[in-house]
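*Asks:* Model the full assembly from the supplied sequences, consistent with the hints where possible.
4 protein chains.
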Amino acid sequence: MIEQRIRDSFARQSMMQTLGAEFASVGTGTVTISAPILPGSRQQHGVAHAALSFAIGDSAAGYAALTLMPEDSEVMTAEMKINLLAPGAGDMLRATGQVIKPGRRLIIVTAEVHAITGEDEKLIALLQGTMVPVAA
Amino acid sequence: MIEQRIRDSFARQSMMQTLGAEFASVGTGTVTISAPILPGSRQQHGVAHAALSFAIGDSAAGYAALTLMPEDSEVMTAEMKINLLAPGAGDMLRATGQVIKPGRRLIIVTAEVHAITGEDEKLIALLQGTMVPVAA
Amino acid sequence: MIEQRIRDSFARQSMMQTLGAEFASVGTGTVTISAPILPGSRQQHGVAHAALSFAIGDSAAGYAALTLMPEDSEVMTAEMKINLLAPGAGDMLRATGQVIKPGRRLIIVTAEVHAITGEDEKLIALLQGTMVPVAA
Amino acid sequence: MIEQRIRDSFARQSMMQTLGAEFASVGTGTVTISAPILPGSRQQHGVAHAALSFAIGDSAAGYAALTLMPEDSEVMTAEMKINLLAPGAGDMLRATGQVIKPGRRLIIVTAEVHAITGEDEKLIALLQGTMVPVAA
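Those protein sequences? They're chains A, B, C and D, same order as listed. In terms of this note's numbering, the first sequence opens at residue 924 and continues consecutively. In terms of this note's numbering, the second sequence opens at residue 924 and continues consecutively. In terms of this note's numbering, the third sequence opens at residue 924 and continues consecutively. In terms of this note's numbering, the fourth sequence opens at residue 924 and continues consecutively.
Derived from the structure by calculation, the hints contain no laboratory data. One should not assume that every hint holds.
Which copy is meant is left open, so a pair is good if it fits within one copy or across any two.
Stated by the list, open to error - No more than 20 Å apart at the CA atoms, straight line, and that leaves these computed lysine to any residue pairs for SDA-like:
#: 1; residue 1: Lys1024; residue 2: Val1057
#: 2; residue 1: Lys1045; residue 2: Arg1017
#: 3; residue 1: Lys1024; residue 2: Glu1044
#: 4; residue 1: Lys1024; residue 2: Ala1012
*Replies:* What follows is the structure in structure tokens.
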């Protein structure tokens, strides 16, 4: 089952544990990952480091691609662009990855990263990139 | 002195400590940062997570920009694109950031990330992006 | 009136005339531009050149930003990334630009380019970039 | 012979003729293309349209990739990012494309675009992207 495969793969990504990241949801062509802004995930002004937004945005996009792949395939990021829209301040970050166009050789993906503060959510980063299938 | 300012700022970026990153060198318009591939910085196949290359590449590029800024300014990443060329396998990673075009409003930067194995070094990632000055 | 300002600016962009591009619609924070695939706008296989998708996608995104600017301002592209999803084949191309986040110093924009064939439309390119305000 | 193959392909790209673009040089893994700033290639302030820099930068990068491909292959742009550093003003533009990393599935490329005015040359755009091989 795809959700289990993705959870297994995620569990092996030690960087995700280091950052405290967790799956929030998995759907066909879309995956959501959340992460607290840990004391060890900050830049010099105390808000989330850009690398935290990148890490969970890229992973959400990659796992979104993986939901559409055959069982013997994995994906790798070929390239990713991130625009940072606002400081990563709040209770936690949440990244939602989405497949824009699946393909046999290239999978085009996007992700949005929101900072969550209580009931509020604010878009803080936008990612657009390319995943490539690799044999598992 | 610019090197001290940069080392102070770096020391306040807890994400850099989490990833074990260190300054390797600071020059005018160029900064080099190295990082081990810690057990907690990996993806599901045991090599460096793309977010590690992004983190040190983006920081090297940002601090390269900072070397050209007046004392009362800092910089922030507006956008960054990373192409991943090869898996991040080796003893450590080293990112070299460089200012391509300084400006009052936008500073265009690039960074290269190499994986170092003994005497060997292999280019594993290329970054191109924009830093913006902010009041310190 | 904003639509007139945009039409005047567009009329001065000789590249848009060269490519046969026209405004399809102008809304607050969104602009649509269409262009035929002229005999002189093609790549070596006879479909639309990537530069045509870029040209109308970038312009649609830039004018989308301009709809939100004060009268004495214009915008300039600081950076733009395009992912090409499918060949540009069809009767015409249509680019829809959208402002994701307006700002005093940076305006984050996206654009989608579709190829139109009769009633069909196919997403062929996705753009994500940054516009900067400049004094008119 | 590779130079002839590239000149033949270039001759079939009608967009290059529309923009007045010409090959300046072809080497292994690097290609240079120049273009005048034609009256029909401008933006609203009379300097070169960003799409002109994109068009010749992307083509120079693509043909640089093609110099490394077997005879029965062509390349296509998968994605390209452009940072615009300065207005495209001068006698002409010149784009130099370069292969950073060749590959069987992905070829990572960069390009620089300079504006030439008499003896002066000024870097006006930087591109970084991915080409994919396709059967000819």
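*Asks:* So, for every hint listed, does it hold in this structure?
*Replies:* Each hint tested on the structure:
1. Lys1024 with Val1057: both (17 Å within a copy, 18 Å between copies)
2. Lys1045 with Arg1017: within (10 Å within a copy, 30 Å between copies)
3. Lys1024 with Glu1044: between (27 Å within a copy, 14 Å between copies)
4. Lys1024 with Ala1012: For Lys1024 and Ala1012, the Cα distance is within 20 Å only across copies (17 Å; inside one copy 31 Å).
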